[in-house]
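Q: Sequence:
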Amino acid sequence: MNARLSTLSLAAAVCLLSPAAWAKPYRAMVTRTAETTRSGNLELGLRYQGFFALDSDKSLPYHQLSPSIRWGILDNLEANVYFELLGLGMPGEDAFQLAFGDIPLGLQWTFLETRLFALAAYGRVTFPTGPSDQDAIPPSLSDGTWDYEGTLVGELRVSKNLRFMINTSYLHQGTRDRGALADFDVPDAVQVGLAGTYNLSEATLVGLEVIGRLYFERAITPVWTDNAKQVEIIPVVRHEVFPGLVLEAVAGIAVTPDLSNIYRFRALLGGTYEFDLAAGPRLPEDKPAAKPAPKKKPAPPRRR
Numbered sequence: 000m001n002a003r004l005s006t007l008s009l010a011a012a013v014c015l016l017s018p019a020a021w022a023k024p025y026r027a028m029v030t031r032t033a034e035t036t037r038s039g040n041l042e043l044g045l046r047y048q049g050f051f052a053l054d055s056d057k058s059l060p061y062h063q064l065s066p067s068i069r070w071g072i073l074d075n076l077e078a079n080v081y082f083e084l085l086g087l088g089m090p091g092e093d094a095f096q097l098a099f100g101d102i103p104l105g106l107q108w109t110f111l112e113t114r115l116f117a118l119a120a121y122g123r124v125t126f127p128t129g130p131s132d133q134d135a136i137p138p139s140l141s142d143g144t145w146d147y148e149g150t151l152v153g154e155l156r157v158s159k160n161l162r163f164m165i166n167t168s169y170l171h172q173g174t175r176d177r178g179a180l181a182d183f184d185v186p187d188a189v190q191v192g193l194a195g196t197y198n199l200s201e202a203t204l205v206g207l208e209v210i211g212r213l214y215f216e217r218a219i220t221p222v223w224t225d226n227a228k229q230v231e232i233i234p235v236v237r238h239e240v241f242p243g244l245v246l247e248a249v250a251g252i253a254v255t256p257d258l259s260n261i262y263r264f265r266a267l268l269g270g271t272y273e274f275d276l277a278a279g280p281r282l283p284e285d286k287p288a289a290k291p292a293p294k295k296k297p298a299p300p301r302r303r
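Take 0 as the starting number for the sequence shown in numbering that gives the first Met the number 0 and just add one per residue.
I should point out that these hints are in silico values taken from the structure, not numbers from a laboratory.
What follows is a set of in silico ranges between Cβ atoms, one per label pair, in the way DEER data are often shown: (1) Ala218 - Leu161: 38 to 48 Å; (2) Ser38 - Thr224: 44 to 54 Å; (3) Asp184 - Ser38: 34 to 44 Å.
Even for Gly, the Cβ is constructed at its ideal location relative to N, Cα and C.
All chains, full assembly: derive it from the sequences and hints.
A: Shown next, in the form of structure tokens:
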């Protein structure tokens, strides 16, 4: 565990100590913001999530690698798709398993946007390509079920650098096909996300998020039978290393016993790169060479 924590600390330090850049990363880490990907732009992302618990007898460590794509279709309208690779157990152990995860496909429309306030609607459908016979996987990960999400996004823009977001969501969960065992109907849930972000500079954003989720039944999987009330605190750090490329690092901390029985904390490390589709990806520009000092004009001859 100490080696893993050292690796996570090093990655977080890289995010914080990267070179300065020119635009501010406006998003929170998990809570959705009302601002969308620019029209005609494509954003490529890659995020690692590690789920850790102090008592391995009560919960399993999880790992997830998730590439993502965001596409700015029109002004204030974007589509996004995620692909997930899920690992159960610790790499190197005999019981470690790898599985291709579900594919969530979403669409966000910001239908009201002013200088001080914005409202957006987000909808998502999850295609069940992940494993549904793994009872220890919580519903928030790839569990091989048809899932649907409807979210209302509100954003208060107090100043140029200070923003607050609220997400209210209804999560419809599907039914797990457990093979020879009886199917399990995952209960639906409501979720609320609160976030505050502050831009320390044009390149660096810090923030704090609180995510609360309530399932309509105590048993959320055949293994997690008393885990319906889940609250998590997520500190946020995002830094743009050069125009379009943003690195991010946080550690989500479980607050309620219902969630801490599954994992005590999760590490989220990743990055996104946004570029104009017409112009293509950009590389960091070299600093222009210093111009030579202009030659002094010869002094005119003195008159006698």
